[in-house]
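Engineer: Quick note, the sequences are listed as chains A and B, same order.
Take 1 as the starting number for the first sequence in our numbering and just add one per residue.
Take 1001 as the starting number for the second sequence in our numbering and just add one per residue.
It is worth saying that the hints were derived from the structure and are not from the lab.
Backbone N, C-alpha and C fix where the C-beta goes; we use that ideal spot for every residue, glycine too.
None of the hints are false.
Which chain A residues stay away from chain B? Per the calculated CB distances, all over 10 Å, these:
(1) 21
(2) 121
(3) 168
(4) 217
(5) 221
(6) 226
Chain B side only, calculated, beta carbon under 8 Å to chain A, not exhaustive:
(7) 1173
(8) 1174
(9) 1176
(10) 1177
(11) 1180
(12) 1181
(13) 1183
(14) 1184
(15) 1186
(16) 1187
(17) 1188
(18) 1189
(19) 1190
(20) 1191
So the derived label-pair ranges between C-beta atoms look like this:
(21) 58(A) with 1168(B): 43 to 51 Å
(22) 1115(B) with 131(A): 52 to 60 Å
(23) 107(A) with 1165(B): 15 to 23 Å
(24) 171(A) with 1157(B): 47 to 55 Å
(25) 1261(B) with 131(A): 44 to 52 Å
(26) 140(A) with 1267(B): 51 to 59 Å
(27) 1129(B) with 107(A): 50 to 58 Å
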Amino acid sequence: MTALLEVEDLRVAYGKIEAVKGISFKVEAGQVVTLIGTNGAGKTTTLRTLSGLLKPSAGKIMFDGKPLTGVAAHKIVALGLAHSPEGRHIFPRLTIEENLQLGAFLRKDKEAIEKDIQRAYDLFPILGERRRQAAGTLSGGEQQMLAMGRALMSQPKLLMLDEPSMGLSPIMMQKIMSTIVELKSQGTTILLVEQNAQAALSLADHGHVMEVGNIVLSGTGQDLLHDESVRKAYLGED
Amino acid sequence: MNTLPQQLANGLLLGSMYGLIAIGYTMVYGIVQLINFAHGEIFMTGAFGALTVYLYILPDGTPMAAAVPLMLVGGAIVSVLIAVGAERFAYRPLRGAPRLAPLITAIGLSLALQEAVRNFYPNADKALAFPGLDTTHDIGSITIKDADIFLIVSAIICMSALAWFVRKSRTGRAMQATAQDPDTAQLMGIDTNRIIVIAFAIGGFFAAVAALAFGLKYGSIDYRMGFLMGLKAFTAAVLGGIGNIYGAMLGGVVLGIAETLASAYINNIPGMQQLGGQSWANVWAFVLLILVLLFRPQGLLGERVADRA
Chain A
1 MTALLEVEDL RVAYGKIEAV KGISFKVEAG QVVTLIGTNG AGKTTTLRTL SGLLKPSAGK
61 IMFDGKPLTG VAAHKIVALG LAHSPEGRHI FPRLTIEENL QLGAFLRKDK EAIEKDIQRA
121 YDLFPILGER RRQAAGTLSG GEQQMLAMGR ALMSQPKLLM LDEPSMGLSP IMMQKIMSTI
181 VELKSQGTTI LLVEQNAQAA LSLADHGHVM EVGNIVLSGT GQDLLHDESV RKAYLGED
Chain B
1001 MNTLPQQLAN GLLLGSMYGL IAIGYTMVYG IVQLINFAHG EIFMTGAFGA LTVYLYILPD
1061 GTPMAAAVPL MLVGGAIVSV LIAVGAERFA YRPLRGAPRL APLITAIGLS LALQEAVRNF
1121 YPNADKALAF PGLDTTHDIG SITIKDADIF LIVSAIICMS ALAWFVRKSR TGRAMQATAQ
1181 DPDTAQLMGI DTNRIIVIAF AIGGFFAAVA ALAFGLKYGS IDYRMGFLMG LKAFTAAVLG
1241 GIGNIYGAML GGVVLGIAET LASAYINNIP GMQQLGGQSW ANVWAFVLLI LVLLFRPQGL
1301 LGERVADRA
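Required output: the full structure, derived from the provided sequences and hints.
Structural biologist: Structure follows, in structure tokens:
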């Protein structure tokens, strides 16, 4: 059986500077896979390339049996790949409900969309309470919930989350992480990019450690969590 | 004739024309942060498109009631094609380039369109007569022409349709999303290139409506008419808050009324006798622009820049 997402020798460059230098990894359906690493390791670049916002300079991306390289970003969503971007990027002057509706922009099944909006409100009750409020007025954590809810609205086969815990309070971060666990238990396949290695590895099936554009270490979440070099470099232990 | 209600009506009419043109500036700016300085010429070519239908396509003696809708179609085709063509071939290749590049391109395109019309349209090196709608009506103390009725009715219809479209339609929602965050809009499955083309097309259509109204009202058009009208409409867009469609219309009306009242009444102020009259209208319009830029740079209805984060 082939994996849902297969990335092979992917290279991405900004001008002459190569940010991703030939990485390969897979995401099997039902798994949570995480990319961890410091700022500038190429994690966000990798996700932006997968969703078509950046063009790879070389390499192959196969998603659900189809090549993604050269496909326009707005067409990739239709294939079942949703991307909740770094920094949340909700539409600030639209309401929460309008943001969620935009997540379902390509869907035509009005009734099912309504149900999914309700599901997002069940997952994040605060969003339901404020559904008519401009999204820009939400706190950072609430915006993160909205960004995740919005990404789920496309009914993705693979959900990509870029730094969902960035800039959040510890309580809000826990809430977001437990939501990821909940989504995982419902069978959602997730590719998670995080700087918070501890949190990401403890819930991931597989993890890959990125350093300056390369994957330097791979393993199961638990293996990496207990790996000495990972503990030293990313979990702040001596 | 020179009563205050008449002056207000004149200002409102002029302002509606500014507002219609200003939509083109503000929608394009709202989505791609480009000041399309060729938009005045898109307006001008719309007038020539309408005149072409009248002179060369319609049989002589066609009643104006039948001619006007067809002239609108002709003007709209020309303006929309030029607006969309400018986006596709002049601005799109420069997306991502430093902002100065598309700005210079816009100015170049503006001159190219003026010269093209002057050189290739028959007799366009001078002003050309445009069929007028000059029948007048008295409403209380106000006298207006058929052309004015055409202008105000079409402005109201266009603006209401646009407001509905942007707020309620699926494409309008996609347009708002693209204006607020183009990359993320793509992640929602929105074809942002298509949205940009639609914004240019709507701007072109509104400019063509204004151009037809201009011709019908003033009875004459020329290849330079887009320069001053474009500049005024741009002022209206900035005045109302660039990027905001309601602001464009409000800015147009405020500018039109301010300009009209200033040229009618400012010479009644002691010591300012020589500053009144039509020849000073442009001065007052641009003084207003400078004041707005100094004291309320985001415009009357402009959003705070911080919201864009």
